[in-house]
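Visitor: Listed here are the chains, written in short residue letters.
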Amino acid sequence: MTRSLVVPEIMPRVRVSALDAYFGSAHAVKGVSMRIVDRQVTAIIGPSGCGKSTFLRCLNRMHETVPTARVEGGVELDGRDIYARDVNAIAVRTHIGMVFQRPTPFPTMSIRDNVAAGLRVLGAARPSRAQTDEIVEKSLVRAALWNEVKDRLSTSAIGLSGGQQQRLCIARALATEPRVLLLDEPTASLDPLSTQAIEELVYALRRDTTIVIVTHNMQQAARISDSTAFFLNGELVEMDTTNDIFTAPRDARTEAYITGRFG
Amino acid sequence: MAPPIRPTLRQRAFSERTVRTLERRRIVSGIMLGVLAGAAVLAVLPLIFIFGHLLATGMSSLSWDFFTKMPKPVGESGGGLANAIVGTLILIVIASAFGLPVGVGAGLYLAEQKGSKLANSVRFLSDVLNGLPSIVMGIFAWQFLVRPFGHFSALAGGIALGAMMIPMVARTTEEMVGIVPVSLREAALALGYPRWRTSIAVVLRTASAGIVTGALVAIARIAGETAPLLFTAFGNLFWSTSLKQPIAALPLQVFSYAISPYDAWHSLAWAGALVLIALIFIISLIARFATRARFATGGGD
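Read top to bottom, the protein sequences are chains A and B. Per the working numbering, the very first residue in the first sequence carries number -14; after that it's consecutive. Per the working numbering, the very first residue in the second sequence carries number 3; after that it's consecutive.
Chain B on its own, in the form it takes in the complex (with noise of 0.2 Å):
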């Protein structure tokens, strides 16, 4: 062991210098980081204030009956929104049928033919379609779908929502296909696969887990949708489960409610808004689970 050496009055004055900026950058580290703790508390602050406000106005209304009883008329009370909830699981089918097997085929289209002049533009397009405001993808499905046959429909809403989740479905089907390993294309390609079939049997299966959980997000997003809904489905006071007629829907009847002038009807209101939240908050879980099983699955080096 050497004997200590003992420090200069330069090399001190240097290592308190030393102790001064470390503290200097401890204080200023610790404010940035509460200064960004604070902003991401902030951003889900909105979230935990409208869940909390519709739990302490919807809930009160909550009951059985609003779940299995039609609407009652002004003056009536009681009832619920049992039409508007299937209406909305009915629009949720249609979408999906149209949406899905289009956006996972666009996604597959995408990620498998990834240079070609067509997938580009297709890519291009999906992107401006995803941030196309909702109210223009109603007026494409009343053009096409409500004025031909003179009159609204579930089948017109459900297309429109359809139409809406085909660009985020294709997005990440196309982002999932592209994270399989190439190698695993080549195994079966190597066994005889087709091309097709090997698109099919063993890419896409290997991303399904991804593509579910896309599209329920994707679904979760359609859910709540009012604009596309407002001249296609267009809301229907009455029992209907027929896809050619109008169709009630949990946001179009939270906004006809809201905007009334009855207090009875604003506090249904409340309740259609939370459990139209609970219903994508449910999803958005699923979809939380369906990939966690995806990682605990994919891992095993």
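If we strip away everything but chain A, and leave its shape as in the complex, we get (with noise of 0.2 Å):
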């Protein structure tokens, strides 16, 4: 277990310790130890069905949303369980923001009415109007998208292209400051120069954000991520720097999927 700790030096944002993920009686997640540092993309490959999507949804409790499914083991957040039985799974989610496979722009929003959406659950902290547009633009800034939009923020976001509306969810997950983005597989329906753009995003973001990509796309997990877990039938196989991942895999398992002997 001691092969999971990247950087011991450096304290995690998200410590993940022996967690179980079902789905009814299917065991999704098996026993995932696992380090998160802050500052830094890590990405999490591996063969589809593999658990790497259940585990990401473990880390905002998004997992739990699906009917019969079950979690074991801990996930703490800068140091506090986030399945503790005082925390609620609506105020983690706050603090973790998730980007989806498509694109989901709420149809009957605004642009800037989605990049505000989660600011209005914030309750007391919720900004005020003039606060709200300037978040707005600050995050559609952060997100490469403010130029495109900047003109039509009163719009639909359903007239943006697959690529923009991409952009539009991270600027949304983006605008309530979440100490982790959380991205499962964002270029997967998106066209390759829209896939460019996000991960030229992902790579900018990853001076200020915790980023964890779910990717089966092993090209992209080299080209931006800083470490790297490979997951195979709902384990853990191993993890490391991406460049010691790509170059020097430790596990042959790991060896096998990168140089594409299956998958």
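Quick caveat, the hints were computed from the structure, so don't treat them as lab data. One or more of the hints may lead you astray.
What the hints assert, rightly or not - If you only want the chain A side, here are some residues facing chain B, beta carbon under 8 Å, derived:
{"hint": "1", "residue": "Thr50"}
{"hint": "2", "residue": "Val56"}
{"hint": "3", "residue": "Arg78"}
{"hint": "4", "residue": "Met83"}
{"hint": "5", "residue": "Phe85"}
{"hint": "6", "residue": "Thr89"}
{"hint": "7", "residue": "Phe91"}
{"hint": "8", "residue": "Pro92"}
{"hint": "9", "residue": "Thr93"}
{"hint": "10", "residue": "Ala102"}
{"hint": "11", "residue": "Val106"}
{"hint": "12", "residue": "Arg157"}
Claimed, not checked - In silico contact screen, one side only, chain B against chain A (beta carbon under 8 Å); selected entries:
{"hint": "13", "residue": "Ser118"}
{"hint": "14", "residue": "Leu191"}
{"hint": "15", "residue": "Tyr195"}
C-beta: ideal position from N, C-alpha, C; glycine also.
Using the hints, put the two standalone chains together into the complex.
Guide: Structure follows, in structure tokens:
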């Protein structure tokens, strides 16, 4: 298990210990322990059905929203167990943003309202109108979308292209200043150019955000991540710096996967 | 280019047979198409006849007075159905105020708690309710809203109509909420939306255009109902907008004029029927527009 310690001297943002996730009786994630370092991009790779998305959904307690789903083990965010009894799953999700495989802009809302959607449920911490406008602009700038939409903020988000919609979803997730951003195959439904835009964005965001990205695209993991975890059949096979995983994997299965012998 | 191959006798006979078969199929296809088109036209023919007949017989009594004047006693000419038109509108408002929130709420519950025992029984019972003869709905309202108070009232009529709307609205809401993609729901949950807020701010809002259409269709259906009003709203020959008093309604007025022995009242009945059908027609048109608007903004992929 010591192998999962990527850079031991840095305090991890997220610490996962012996995490098990189930769908009914199906055991989707098996005893995974992992440390996710602050201001780094952590990529999770593995063949379809290896539990990488389920693992990601355990990090912001989205897994439990599926009927019959169950989680065991611990996930700590900055040293605090997010599965503790007194922790509210909804509060957890305001601190950990998530972007999905397909763009999910809210079709009835304008571009501006989409970005501000997460701010509206902050309760007492809800920003004023002027502050909201500021945050919307800042988030769109961070998501590298501002220049394309600044003149049409009040139009429907449905009018944007797929790649723009996905960047809008990233802006929406960034608006609440989450401590961690989870990306679940964010480019799987996009064309190469839009994919490139998202990859550049992720690469730039890691300066001030902790990012965990699930991808089935190994080149993508190699291009944009600092450390990479390889999942197989629900288990974490190996985790190391991206460079080491792709040049000197220690496990034979990792090597077989990254050299394209299966998956 | 290879030289053309001359067909053998057998091949030629075969191809002639094929041509004949194709010819026969084309004819059969044409006949069947004609029969089905005839059936389709036949299906809307009654509506065209009714509308045409109403235009022919009712149009002559339709004047400004019809919409603004009160009914005149027998023997006096002129007069209108202002009270019945206003009464019908009031009944629609009461019915909507009662039926829409309950129907939309029930539909949202049915969609969000799909598999639960309560949802399954509610879904089944609402289908039964949808098929319930409307006069039974009237008896129900009479039992609970007329008998205890000792008099007929607009409120009782509106509630009876609203009760008819509930199952219709509930099932359309359920369907419309059901087609909102799960990914949208998850996106809202991942932003920290509580479940109830996800349901209302995202799911219900996304489905709203479809729900509005369903609501308008339900209103169009109950606007012309007569049976549930017979012993609830009862009808009123005088001007009344009080919810506690019996109230006039177009279908009731048409009924009482139609069975009267006076020619003047008969023509008023025709005109009333024409106004009623026009009202339903307009509501249906608005519903169509609402649906179209939804599809216009819904695509974007």
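Visitor: Now, for every hint given, state plainly whether the structure supports it.
Guide: These are the hints, each one checked on the structure:
1. For A/Thr50, the interface hint holds, since its Cβ comes within 8 Å of a Cβ in chain B; the closest pair sits about 6 Å apart.
2. Evaluation of the A/Val56 hint against chain B yields a violated restraint, the C-beta minimum of about 15 Å exceeding 8 Å.
3. For A/Arg78, the shortest C-beta to C-beta distance to chain B is roughly 4 Å, which falls under 8 Å, so the interface hint holds.
4. Residue-level restraint check for A/Met83 holds (minimum Cβ-Cβ distance to chain B is 4 Å; threshold 8 Å).
5. The beta carbon of A/Phe85 comes within 6 Å of a beta carbon in chain B, closer than 8 Å, and the hint placing it at the interface holds.
6. For the restraint placing A/Thr89 at the interface with chain B, the shortest Cβ-Cβ distance is roughly 4 Å, inside the 8 Å limit, so the hint holds.
7. Look at A/Phe91: its Cβ gets to within about 6 Å of chain B, closer than 8 Å, so that hint holds up.
8. Among the interface hints, the one on A/Pro92 holds; its C-beta lies about 6 Å from the nearest C-beta in chain B, closer than the 8 Å criterion.
9. Of the supplied interface hints, the one on A/Thr93 holds, with its beta-carbon coming within about 5 Å of a beta-carbon of chain B, less than 8 Å.
10. The beta carbon of A/Ala102 is positioned within 8 Å of a beta carbon in chain B (closest approach about 6 Å), and the interface hint is therefore held.
11. A hinted interface residue such as A/Val106 counts as satisfied when its beta carbon comes closer than 8 Å to some beta carbon of chain B; here the least separation is about 5 Å, so the hint holds.
12. A distance limit of 8 Å between C-beta atoms decides the matter here; for A/Arg157 the minimum to chain B is near 7 Å, and the interface restraint holds.
13. Given hint, B/Ser118 at the interface with chain A, is violated; its Cβ is 11 Å from that chain's nearest Cβ, farther than 8 Å.
14. Taking 8 Å as the C-beta contact cut-off toward chain A, the hint placing B/Leu191 at the interface holds, the least distance being around 6 Å.
15. Interface hint status for B/Tyr195: upheld, as the beta-carbon distance to the closest one in chain A is roughly 5 Å, under 8 Å.
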